[in-house]
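Using the sequences and the accompanying hints, generate a full structural model.
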Amino acid sequence: MKRSSSKPTVSESNNGSKEGIDWELRPGGMLVQKREDGVRAAGPMIKIKVSHGSYQHEITVPAQSTFGELKRVLAQETGLEPQEQRLLFRGKEKENDECLHMAGVKDTSKVVLLEDPASKERKLEQMKRDQGISKACEDVALVRADVDKLAEKVSTLESAVHKGTKVAEKEFVVLTELLMMQLLKLDSIEAEGEAKVQRRIEVRRVQNLVEMLDLLKARNSNPFSNSSNAVSVTTQWETFESGLGSLNAPRPMASSTKITNDWELFD
1 MKRSSSKPTV SESNNGSKEG IDWELRPGGM LVQKREDGVR AAGPMIKIKV SHGSYQHEIT
61 VPAQSTFGEL KRVLAQETGL EPQEQRLLFR GKEKENDECL HMAGVKDTSK VVLLEDPASK
121 ERKLEQMKRD QGISKACEDV ALVRADVDKL AEKVSTLESA VHKGTKVAEK EFVVLTELLM
181 MQLLKLDSIE AEGEAKVQRR IEVRRVQNLV EMLDLLKARN SNPFSNSSNA VSVTTQWETF
241 ESGLGSLNAP RPMASSTKIT NDWELFD
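Numbering follows full-length UniProt numbering, in which position 50 of the sequence shown is assigned residue number 50; successive positions increment by one, without gaps.
Since the hints were derived computationally from the structure, they do not count as laboratory data.
Incorrect hints may appear among the rest.
[Claimed, not checked] Derived Cβ-Cβ restraints for the label pairs, each shown as a range:
| no. | residue 1 | residue 2 | range |
| --- | --- | --- | --- |
| 1 | Glu211 | Gln76 | 53 to 63 angstroms |
| 2 | Gly53 | Lys135 | 22 to 32 angstroms |
| 3 | Lys123 | Lys49 | 22 to 32 angstroms |
| 4 | Glu192 | Met102 | 25 to 35 angstroms |
| 5 | Glu125 | Glu93 | 19 to 29 angstroms |
| 6 | Gln126 | Met181 | 32 to 42 angstroms |
| 7 | Thr60 | Leu114 | 17 to 27 angstroms |
| 8 | Arg90 | Gly53 | 15 to 25 angstroms |
| 9 | His57 | Asp146 | 11 to 21 angstroms |
| 10 | Asp146 | Lys123 | 34 to 44 angstroms |
[What the hints assert, rightly or not] Simulated pairs of lysine-lysine, DSS-like, Cα-Cα distance not exceeding 27 angstroms:
| no. | residue 1 | residue 2 |
| --- | --- | --- |
| 11 | Lys47 | Lys92 |
| 12 | Lys149 | Lys128 |
| 13 | Lys49 | Lys128 |
| 14 | Lys106 | Lys92 |
| 15 | Lys110 | Lys49 |
| 16 | Lys92 | Lys110 |
| 17 | Lys128 | Lys47 |
| 18 | Lys123 | Lys135 |
| 19 | Lys92 | Lys49 |
| 20 | Lys153 | Lys170 |
| 21 | Lys135 | Lys149 |
Backbone N, C-alpha and C fix where the C-beta goes; we use that ideal spot for every residue, glycine too.
Quick look at the structure:
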């Protein structure tokens, strides 16, 4: 083998076949074999004791590896990506391109692993966000369960009205108020991501139920005329500055005017 050449050399294996070997020049002028996994195999293997919080890891790597290569090995052990790691030896943080043996790391040496503060903060924020979304989804689910019960009552009223049964006006008023209360609950839920999508779906569902009650109430009042032209009901949704929604109670109108339903959906 010639040290003067940095090109791959050819060596003969025990079975007579020839293999190409990649070599590279390390700090100090030493020519070593390059491994495909990014950790060099040249030189003796050493065991390094890595302290990570309350955990202790014993890592075996070539003595002439870099701290960056050590991080890649530690990523498999700890789950921390190399860019999320900080390695300290003898109280000083080491750069990725620094060599273990040049820094004085030997067999059984101790290295401290810390998680990068910025990375840790991002994880905490993501955890809080995920918990917030989960809580909002649970809150929307509770409202959905209440709306399911109200939807059954609306369906019962619809069947009665279509059969020509006279229904007390109070039934429509009470159901409308109960549905408005569910909208106020949805309005109070701070949601993002999937929770925001679920809340929007439930808002539209409640709005549709309120519209149906308006039409049923009109038909119940005058079953022999076209309910869409007999009574005017105006239900207007206003958008808060927060991007959510609020409901103004329907304003009474003359029976000869048309129905106006002006919905402004939640974001």
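Subject >> Distance restraint evaluation - Gln126, Met181, Cβ atoms, bounds 32 to 42 angstroms >> reply: Check passed, 34 angstroms falls within 32 to 42 angstroms.
Original post:
Measuring from beta carbon to beta carbon, are His57 and Asp146 in 11 to 21 angstroms?
Top reply: At roughly 51 angstroms between Cβ atoms, Asp146 and His57 fall outside 11 to 21 angstroms, so the hint is violated.
Original post:
Holds or violated: are the alpha carbons of Lys47 and Lys92 at most 27 angstroms from each other?
Top reply: holds, 20 angstroms
Original post:
Taking only the CA atoms, is the gap from Lys106 to Lys92 under or equal to 27 angstroms?
Top reply: holds, 16 angstroms
**OP:** Starting from Lys92, check that the Cα of Lys110 is at most 27 angstroms away, please.
**Re:** Holds: Lys92 and Lys110 sit about 12 angstroms apart, inside 27 angstroms.
**OP:** Return holds or violated for the Cβ distance of Arg90 and Gly53 against the range 15 to 25 angstroms.
**Re:** Check passed, 19 angstroms falls within 15 to 25 angstroms.
**OP:** Confirm or reject the claim that Glu192 and Met102 have a C-beta distance inside 25 to 35 angstroms.
**Re:** violated, 49 angstroms
Subject >> Whether the CB-CB distance between Glu211 and Gln76 falls inside 53 to 63 angstroms >> reply: Taking Cβ atoms as reference, Glu211 and Gln76 lie about 58 angstroms apart, which means the hint holds.
**OP:** With 22 to 32 angstroms as the target window, see if Gly53 and Lys135 comply at their CB atoms.
**Re:** With a Cβ separation near 28 angstroms, Gly53 and Lys135 satisfy 22 to 32 angstroms, so the hint holds.
Original post:
Okay, Lys123 versus Lys49 on CB: inside 22 to 32 angstroms?
Top reply: This hint holds: roughly 26 angstroms between Cβ atoms.
Original post:
Is it true that the CA of Lys49 sits at most 27 angstroms from the CA of Lys128?
Top reply: Cα-Cα ~33 angstroms, so violated.
Subject >> Outcome of range test on Cβ distance (Asp146, Lys123; 34 to 44 angstroms) >> reply: holds, 36 angstroms
The structure is inconsistent with the numbered hints 4, 9, 12, 13 and 17, although it conforms to all the rest.
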